[in-house]
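If you're matching them up, the sequences are chains A and B in order.
Every letter in the first sequence is one number past the one before it in this note's numbering, and letter 135, counting from 1, is 134.
Counting the second sequence from 1 gives a position; this note's numbering is that position plus 19.
It is possible that part of the hints are untrue.
[Stated by the list, open to error] Listed below are the simulated DSS-like cross-link pairs for lysine-lysine, each with C-alpha atoms no more than 27 Å apart in a straight line:
hint	chain 1	residue 1	chain 2	residue 2
1	B	Lys-377	B	Lys-343
2	B	Lys-68	A	Lys-149
3	B	Lys-523	B	Lys-197
4	B	Lys-401	B	Lys-280
5	B	Lys-435	B	Lys-458
6	B	Lys-637	A	Lys-116
7	B	Lys-197	B	Lys-377
8	B	Lys-674	A	Lys-116
9	B	Lys-265	B	Lys-68
10	B	Lys-538	B	Lys-343
11	B	Lys-706	A	Lys-116
12	B	Lys-631	B	Lys-708
Don't read these hints as lab results, they were simulated from the structure.
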Amino acid sequence: MRRYALLLALPLLTALTACRAKHSARKPDPPRNAYDTEADWNNADHLIPLDYQQSQGKRLFYMYCVWCHADSTPAGPSNRPNLNPAPHLIDDGTVLNSMSDTYLDNIITLGGSAMGKSASMPPYGRSLTQDEVRAIIAYMRAVAQPAYHKPARPLPHYKAR
Amino acid sequence: MPAEQMGQIPKRLRVIYAVSTVIFVAVLAISPIRDHFAGWKRYEKGYAKFASTRANSRQLMADYHGGIDQIWLPKLNVTDRCTTCHQGISEASLLDDSVPQPFRAHPEIPHHVRAWGCVVCHRGQGLATEVSEAHDTTLAWEKPLLPIRYIQASCGTCHQDSLPETPQLNRGRELLVKFNCEGCHRVQDIDRPAMLGPDLSNIGAEVSRAWVYKWLKEPRTVLDSSGNVVVDGYDTNPRMPQFRFKKGEVRDLSAYLSSLKSPLVESSQIDPSVAAAWRSRSDLLSYGELRFRQMFCTDCHALAVVRLGETQLIGGDIGPELTKVGSKVNPDWLVSWLRNPQAYLPHSQMPRYEWSDKDLYAVTQYMLNKLSDPELLSDVPKLGPATPAEIQHGRRLFNAKGCASCHVIRGIAPQKDFGPDLSNLGGKTVSELFFGNAKVSHTLVAYIQAKTSDPLSVNPAARMPQYHLDSADLDAITTALLSMTGTPTYPGFALLTVPASQPKFDPAGDFGKLYNRFKCFVCHSFNGYGGTLAPDLSFEGSRSQHPWLVAFLKNPQTLRPTLTVRMPQFNFTDQEANTIADYVEMVLQNPLVNKAGVNPKDFTPQMASLGKQLYFVKYECQSCHTIGATGGYVGPSLTNVGNWMDAAWIEAWLKNPQALIPGTIEPRRDFSEPEIKALTAYLLTLKQKSQAGSGTAPGGSQ
């Protein structure tokens, strides 16, 4: 009788194993798997992986913002020491992490004076699109030191396998 | 068989029958069971479960129907079933990183997923419903998913012009041009330029045989004390890569090349009275260095300097690096070349300067004595005069090694397509590639990277030279090569191709002569044609006032406080400067700037004082612009803007800077009309009295 059980089990097993999708367990290297990377300003060996939106933000940051919001620029010395109050560095998480996306969106779009801050920050709302402003904020969040964490909110119960 | 047993089936047979029935049913069941437990069903049910945890579950489930979902676009030949598992692909609320894959939405890109499908950009097998079949290489499908790191290659398949959103692809295409890949390979959408490497028809008059020998062995001259190349090959020598020559081959090639001599085209004579007066002066070399710096040779040429024990290159890469040029060139040839570079290389980008004999003598003496290294050729063996056998063999090698792909020698037929065709490399399947002994994974990306970084690892007999690329450049080149997928396989895509724009600006007349002589286009751009080193001059006539332009041309200065690159002093005559200014004023106009509509006399001192308040208090323009010695570094200095810019330009600029120079840093503000008038009035009062010519290199795009 045992032989028949074995004979029965065989096709069943075949059918069951066929259900499982073959998956290679190779873990991809996150920076290599990213759309783009950015070198951490505080640690040159550390690469921050960027997704599409963040990499667009990086491009826009180096076009418009880097001149005042970084300590060195692609064209030489930064304009930051000329300004009072000094603009926040783009990766200054200690300050920027506590500002909400909406607030940052407003200060980029409407400028410093509209938000009760220094008029040195000009409004970019008529030069950049909403998507572009959001991309810059996404980039800012990606490079923040200490790392930026989204404000707490109910997490989905579902976890994909 | 007994009669009573007739009609009865033996037990043994019955058992066999029962078992085979069970097996038969089981085998029949495989397919439905497999289907029931199919991966895509699990993901699809998972999506329904996941959507129920979201606040907007009703909206997320609107398109859900529980079956194979596909994007079918007959015009593009797209049948993609990816959305069967990637259910949330176009749900904006699922864009967040916390959403688990495969349900996350696609990042916002200019093309909508439902209108383009997935495989068009990501590759992979669109019809597959198994995870591995869709994503990976299988026996039946050899175009796996493109790693996301190289995804910009897919943009480049249709967009042959450069998009701002794809910096990696643009960089890769630049590198393909820079490394002269089109010298030996056919590359999609990159045409062979008029000149790749220098014309060598007269190389024997320019350099010695020992120098040719040294150069062929190692086409870089900047080495540190231990003999290592400190600065990578790309920077020190962007053009000639390192070829693998054997000792005898170098000897014979150097013999052949040094035999190519003809008399100098341009006189190398310096006025003897000038030379005699300066030869013995102690400040000859320091004066030469001063002039060398004042002429901003380093805008285009690099020099190696040692800083903090590390050799660095300072300067541009438009022309060759000059650190040891004094040990390279024949002094007579140098004088002759500087007088008229185009007489030697008709396509040279070097301007033909108006030299005084004094300057020419001092600068060449400086280069020959200071930019030199007496030890440079010390490791070259004694070569002696070239023998006819050496020359003949060298000439054969010149063709056999593919030198004629890039270099021209009169009397030698130029070579084309010396290397393999790369114009459809990005569309090749793995089985079309030859990996040889390369120890890399068998994928297209790994193949391209192995070939590019070390050609010998794939094919020990490769003729391709060795390039030195850092990982970012290697990725950029890989992206550009992956984008070349040859002729579109489906006619729908041929219609979608966005060709690269090919602007051209080649003015005629007196200005055209000056433009071509002084090579304005090497640094400046005109409606998209030309270099990016200096400001875009497309609308310079609308911006600058004529007297300022003339003064600037005669004595160019920069007041961009942090800029180290500056326009060379070309020593224009009054007539030349006026010809250029007249042409700029007449032709390089922007229709948005109506010069006749603004009269500078309309601006009153009251307006100017209001403008000053707006400038310093309300808008804090000093954050970015300098007036005198104070202000910011971002925009150009406004110290002399009253002499420099036209009132109509200032007004148009304040209304909308991006309309005049797209992509300029200064944002568009909502100034009211009186504010614009007041600011313009104030800016027009800013005039520097003593030097009418000191404005900045105009522009706002840097």
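Consistency of the hints with the structure:
| no. | hint | result |
| --- | --- | --- |
| 1 | B/Lys-377 <-> B/Lys-343 | holds (23 Å) |
| 2 | B/Lys-68 <-> A/Lys-149 | holds (24 Å) |
| 3 | B/Lys-523 <-> B/Lys-197 | holds (20 Å) |
| 4 | B/Lys-401 <-> B/Lys-280 | holds (21 Å) |
| 5 | B/Lys-435 <-> B/Lys-458 | violated (31 Å) |
| 6 | B/Lys-637 <-> A/Lys-116 | holds (12 Å) |
| 7 | B/Lys-197 <-> B/Lys-377 | violated (36 Å) |
| 8 | B/Lys-674 <-> A/Lys-116 | holds (24 Å) |
| 9 | B/Lys-265 <-> B/Lys-68 | violated (68 Å) |
| 10 | B/Lys-538 <-> B/Lys-343 | holds (25 Å) |
| 11 | B/Lys-706 <-> A/Lys-116 | violated (32 Å) |
| 12 | B/Lys-631 <-> B/Lys-708 | holds (19 Å) |
Hints 5, 7, 9, 11, counting from the list given before, are not met by this structure.
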